[in-house]
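A.B. asks: As they're listed, the protein sequences go chains D and U.
Read in order, the letters of the first sequence correspond to residues 6 to 393 in the working numbering.
Read in order, the letters of the second sequence correspond to residues 4 to 186 in the working numbering.
Do not rely on the hints blindly, as some may be mistaken.
The calculated lysine-lysine pairs, modelled on PhoX-like cross-linking and capped at a C-alpha distance of 25 Å, are [what the hints assert, rightly or not]:
hint: 1; chain 1: D; residue 1: LYS84; chain 2: D; residue 2: LYS68
hint: 2; chain 1: D; residue 1: LYS84; chain 2: D; residue 2: LYS314
hint: 3; chain 1: D; residue 1: LYS224; chain 2: D; residue 2: LYS167
hint: 4; chain 1: D; residue 1: LYS84; chain 2: D; residue 2: LYS353
hint: 5; chain 1: U; residue 1: LYS85; chain 2: D; residue 2: LYS84
hint: 6; chain 1: D; residue 1: LYS106; chain 2: D; residue 2: LYS353
hint: 7; chain 1: D; residue 1: LYS314; chain 2: U; residue 2: LYS98
hint: 8; chain 1: D; residue 1: LYS268; chain 2: D; residue 2: LYS84
hint: 9; chain 1: U; residue 1: LYS90; chain 2: D; residue 2: LYS314
hint: 10; chain 1: U; residue 1: LYS44; chain 2: D; residue 2: LYS167
hint: 11; chain 1: U; residue 1: LYS98; chain 2: U; residue 2: LYS85
hint: 12; chain 1: D; residue 1: LYS68; chain 2: U; residue 2: LYS90
hint: 13; chain 1: D; residue 1: LYS68; chain 2: U; residue 2: LYS85
hint: 14; chain 1: U; residue 1: LYS126; chain 2: U; residue 2: LYS142
hint: 15; chain 1: D; residue 1: LYS68; chain 2: D; residue 2: LYS323
hint: 16; chain 1: D; residue 1: LYS106; chain 2: D; residue 2: LYS314
hint: 17; chain 1: U; residue 1: LYS126; chain 2: D; residue 2: LYS167
hint: 18; chain 1: U; residue 1: LYS44; chain 2: D; residue 2: LYS84
hint: 19; chain 1: D; residue 1: LYS314; chain 2: U; residue 2: LYS142
hint: 20; chain 1: D; residue 1: LYS167; chain 2: D; residue 2: LYS68
hint: 21; chain 1: U; residue 1: LYS35; chain 2: D; residue 2: LYS314
hint: 22; chain 1: D; residue 1: LYS167; chain 2: U; residue 2: LYS35
hint: 23; chain 1: U; residue 1: LYS142; chain 2: U; residue 2: LYS90
hint: 24; chain 1: D; residue 1: LYS268; chain 2: D; residue 2: LYS106
hint: 25; chain 1: U; residue 1: LYS85; chain 2: U; residue 2: LYS44
hint: 26; chain 1: U; residue 1: LYS126; chain 2: U; residue 2: LYS85
hint: 27; chain 1: U; residue 1: LYS44; chain 2: U; residue 2: LYS126
hint: 28; chain 1: D; residue 1: LYS314; chain 2: U; residue 2: LYS44
No lab work stands behind these hints: they were computed from the structure.
No experiment lies behind these values; they were computed from the predicted model shown.
This is what each chain is made of:
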Amino acid sequence: MATDLTPRVTTELDYAGAERLTMNMGPQHPSAHGVFRAILTLEGETVVGVDAVIGYLHRCHEKLAETLAYVQYPSIASKTDYVAAMTSELAYVMAAERIAKIEVPKRAEHLRVLVAELQRVASHCLWLGTWCMDMGGALGGGATIFLYCIRERELVLDLFEKLTGARLLYGFHQVGGVRYDMPEGFAADCRQTIDLIEARLLEYEAMLEDNTFFLMRTKGVGVISRQLAEEVGISGPLLRASGVDFDLRRDAPYSSYQDFQFKVPVETDGDCLARYRVRMVEFRESIRIVRQILDGLPEGPISSRPGVKAVAQVRVPKGETYTRVEGPRGEVGCYLIADGGPKPYRMKWRGASFSNLAVLPFIIPGHSVADVVAIMGSVDPVFGEVDR
Amino acid sequence: MAKSRGILQETWDVATSVFRAMRISGRNFLRKPVTVHYPDKPRTYPDRYRGLLALTYDRETGEENCIGCRLCEFVCPPAVIKVEMLKSEKRNYAKTFSLELYACEFCELCVQVCPTDAIVMMKSFDMATTDRRELLLDKDRLHAIGETFDASWATGNRLRDMQAPPKKVAAEKPAAEKAGGEA
Numbered sequence: 006m007a008t009d010l011t012p013r014v015t016t017e018l019d020y021a022g023a024e025r026l027t028m029n030m031g032p033q034h035p036s037a038h039g040v041f042r043a044i045l046t047l048e049g050e051t052v053v054g055v056d057a058v059i060g061y062l063h064r065c066h067e068k069l070a071e072t073l074a075y076v077q078y079p080s081i082a083s084k085t086d087y088v089a090a091m092t093s094e095l096a097y098v099m100a101a102e103r104i105a106k107i108e109v110p111k112r113a114e115h116l117r118v119l120v121a122e123l124q125r126v127a128s129h130c131l132w133l134g135t136w137c138m139d140m141g142g143a144l145g146g147g148a149t150i151f152l153y154c155i156r157e158r159e160l161v162l163d164l165f166e167k168l169t170g171a172r173l174l175y176g177f178h179q180v181g182g183v184r185y186d187m188p189e190g191f192a193a194d195c196r197q198t199i200d201l202i203e204a205r206l207l208e209y210e211a212m213l214e215d216n217t218f219f220l221m222r223t224k225g226v227g228v229i230s231r232q233l234a235e236e237v238g239i240s241g242p243l244l245r246a247s248g249v250d251f252d253l254r255r256d257a258p259y260s261s262y263q264d265f266q267f268k269v270p271v272e273t274d275g276d277c278l279a280r281y282r283v284r285m286v287e288f289r290e291s292i293r294i295v296r297q298i299l300d301g302l303p304e305g306p307i308s309s310r311p312g313v314k315a316v317a318q319v320r321v322p323k324g325e326t327y328t329r330v331e332g333p334r335g336e337v338g339c340y341l342i343a344d345g346g347p348k349p350y351r352m353k354w355r356g357a358s359f360s361n362l363a364v365l366p367f368i369i370p371g372h373s374v375a376d377v378v379a380i381m382g383s384v385d386p387v388f389g390e391v392d393r
Numbered sequence: 004m005a006k007s008r009g010i011l012q013e014t015w016d017v018a019t020s021v022f023r024a025m026r027i028s029g030r031n032f033l034r035k036p037v038t039v040h041y042p043d044k045p046r047t048y049p050d051r052y053r054g055l056l057a058l059t060y061d062r063e064t065g066e067e068n069c070i071g072c073r074l075c076e077f078v079c080p081p082a083v084i085k086v087e088m089l090k091s092e093k094r095n096y097a098k099t100f101s102l103e104l105y106a107c108e109f110c111e112l113c114v115q116v117c118p119t120d121a122i123v124m125m126k127s128f129d130m131a132t133t134d135r136r137e138l139l140l141d142k143d144r145l146h147a148i149g150e151t152f153d154a155s156w157a158t159g160n161r162l163r164d165m166q167a168p169p170k171k172v173a174a175e176k177p178a179a180e181k182a183g184g185e186a
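Throw the hints in and build the complete structure from the sequences for me.
C.D. replies: What follows is the structure, given as structure tokens:
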């Protein structure tokens, strides 16, 4: 396959040297958060152009969804965004429920929000850890923050393991409700874990916020202006860090988000530090929502339909819809066309990482090579979701 | 940012940053380790752990539970289960039952649909091997796994009971469910 190596967006610099260097970053780069190939055009140490090549992790998810029944696909849907598996499952089952006009019991809705928010905590833990590790030894010893964050993420994964039996790909949702009810003692474990994580967040912040190295690496680096953010169509924490006050959980409530109080953090700087601050507040707001759910979890059934006994049990009448949920990385959308059978006619994902990644060629040029990983990490792409 | 200040100020900033970070590192250094030395110490599994798959025997009669109905074969998303039914007088059996564990994704749907609680998951993931063929499990091996490890909580009937809506709700909407194509 011939690839066009001319960068699409370039910046002209006063550069005394005579040559431009074209450098491949990836697809097997340890700091690229996945199989992502960025073709960088360098003038000296400065990047003047970047061309993103994606598709290394393409697994035909959308075609696969046409061949799998509504019963089967939710457990596969978690593989699109494997760092926040609960979100894509939720988008898919919500689409099927909206077409079929299936009511979901209150308890199931609350459990869905509970796992979505726990997942956000787990996902942001991974983001913070890997991002700080990318920026390297400057932060007081390379992998330190990474190991701390993974330690806390493990606690959340342990909770999911108690709830569903799996650590990464859950298959928790089903059309009409959820598959697993809370086991005994889960609420207490959950409270203990989120209390611990909330205390540990203070440690991360104490380690990072006043750290000169950290500020040097993030402040003013990779600025996304409000205008650029709106033009490219980024979403999630990136959008909020650029000064746009938009959160689907508040502005277009789905599941049962209208029952809970939470703040939507907004920063106006649009740089890496602003994105860090938005996510740190989101951590706490997620924990706050989890507490509210645990305080007022209604009793009742967890599914409005009988448990799955056969593959063709769930049939969705003719219709099409688009559902969107606020994942840890932004808006995850699912466009579903049903034709009355047990399988959808067509399904399309809108991956949050995919749209967010489109901003890279606009913000990277002008920065040095070392800043590329910092910017890429602050965008927080998951390549399962980019390539699907 | 750092250019406007003198070299002394910058050095001081760097030193204090490192000192503050090291203080937190020191605090973590004194905490209890969270890692488990796995092969030496056993890992504790939660009740619902989704691990190796196995077939079960009836505890009372000693007969195998599987009736070869092939529901698990139809529901399996990666299609790793293959079953052939053996017709018999009183009940049916599985003539062959093969499971390609190397392609299994442990979604627990086969357990969920099983009408006789024949296929269950084990609280174990100890299946590391150097030969891929060892992960192609036939009926005998699946039964042997069921005898070796502890089964996890979930069985088909338990899962369906947990998910079942109360009878009143089911009675209220028979029309809706018929339209929804209750199988």
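A.B. asks: Against this structure, judge whether each hint is valid.
C.D. replies: Verification of the supplied hints:
1. Restraint check for LYS84/D and LYS68/D: the C-alpha separation of about 14 Å stays at or below 25 Å, so the hint holds.
2. Under the criterion of a C-alpha separation no larger than 25 Å, the hint pairing LYS84/D with LYS314/D is consistent with the structure, at around 23 Å.
3. A hinted pair counts as satisfied when its Cα atoms are at most 25 Å apart, and LYS224/D with LYS167/D does not qualify at roughly 40 Å.
4. Note on LYS84/D and LYS353/D: the hinted pairing holds, with a Cα-Cα distance of about 14 Å set against a maximum of 25 Å.
5. This hinted pair checks out: LYS85/U and LYS84/D have alpha carbons roughly 24 Å apart, not beyond 25 Å.
6. Note on LYS106/D and LYS353/D: the hinted pairing holds, with a Cα-Cα distance of about 20 Å set against a maximum of 25 Å.
7. Proposed proximity of LYS314/D and LYS98/U is supported: the alpha carbons are some 22 Å apart, at most 25 Å.
8. Distance check on the hinted pair: LYS268/D and LYS84/D sit about 30 Å apart at the alpha-carbon level, beyond 25 Å; violated.
9. As the CA atoms of LYS90/U and LYS314/D are separated by approximately 22 Å, the hinted pair is consistent with the 25 Å bound.
10. A hinted pair counts as satisfied when its Cα atoms are at most 25 Å apart, and LYS44/U with LYS167/D qualifies at roughly 20 Å.
11. Pair hint LYS98/U plus LYS85/U holds up; C-alpha atoms about 11 Å apart against a cutoff of 25 Å.
12. A hinted pair counts as satisfied when its Cα atoms are at most 25 Å apart, and LYS68/D with LYS90/U does not qualify at roughly 37 Å.
13. Under the criterion of a C-alpha separation no larger than 25 Å, the hint pairing LYS68/D with LYS85/U is consistent with the structure, at around 24 Å.
14. At most 25 Å may separate the alpha-carbon atoms for a hinted pair to count; LYS126/U and LYS142/U meet this at roughly 19 Å.
15. Proposed proximity of LYS68/D and LYS323/D is supported: the alpha carbons are some 19 Å apart, at most 25 Å.
16. This hinted pair checks out: LYS106/D and LYS314/D have alpha carbons roughly 21 Å apart, not beyond 25 Å.
17. Of the supplied pair hints, the one linking LYS126/U and LYS167/D holds, its CA atoms being roughly 12 Å apart against a limit of 25 Å.
18. Using a Cα cut-off of 25 Å, the hinted pair LYS44/U and LYS84/D is violated, with the two alpha carbons roughly 31 Å apart.
19. Pair hint LYS314/D plus LYS142/U holds up; C-alpha atoms about 22 Å apart against a cutoff of 25 Å.
20. Between the alpha carbons of LYS167/D and LYS68/D the distance comes to roughly 32 Å, so the proposed pair goes past 25 Å and is violated.
21. Between the alpha carbons of LYS35/U and LYS314/D the distance comes to roughly 46 Å, so the proposed pair goes past 25 Å and is violated.
22. With a C-alpha separation of about 23 Å, the suggested pair LYS167/D and LYS35/U falls inside the 25 Å cut-off, and the hint holds.
23. Only pairs whose Cα atoms come within 25 Å are accepted, and LYS142/U paired with LYS90/U is accepted, the gap being roughly 17 Å.
24. Our distance criterion of 25 Å between C-alpha atoms is broken by LYS268/D and LYS106/D, whose separation comes to about 30 Å.
25. Proximity of LYS85/U to LYS44/U is assessed by CA-CA distance (about 36 Å); at most 25 Å being required, the pair is judged violated.
26. Distance restraint check for LYS126/U and LYS85/U: the Cα-Cα separation of roughly 23 Å lies within the 25 Å cut-off, and the hinted pair is therefore satisfied.
27. Between LYS44/U and LYS126/U the CA atoms are separated by roughly 15 Å; this keeps the pair inside 25 Å, and the hint holds.
28. Between LYS314/D and LYS44/U the alpha-carbon distance is near 39 Å, which puts this suggested pair outside the 25 Å criterion.
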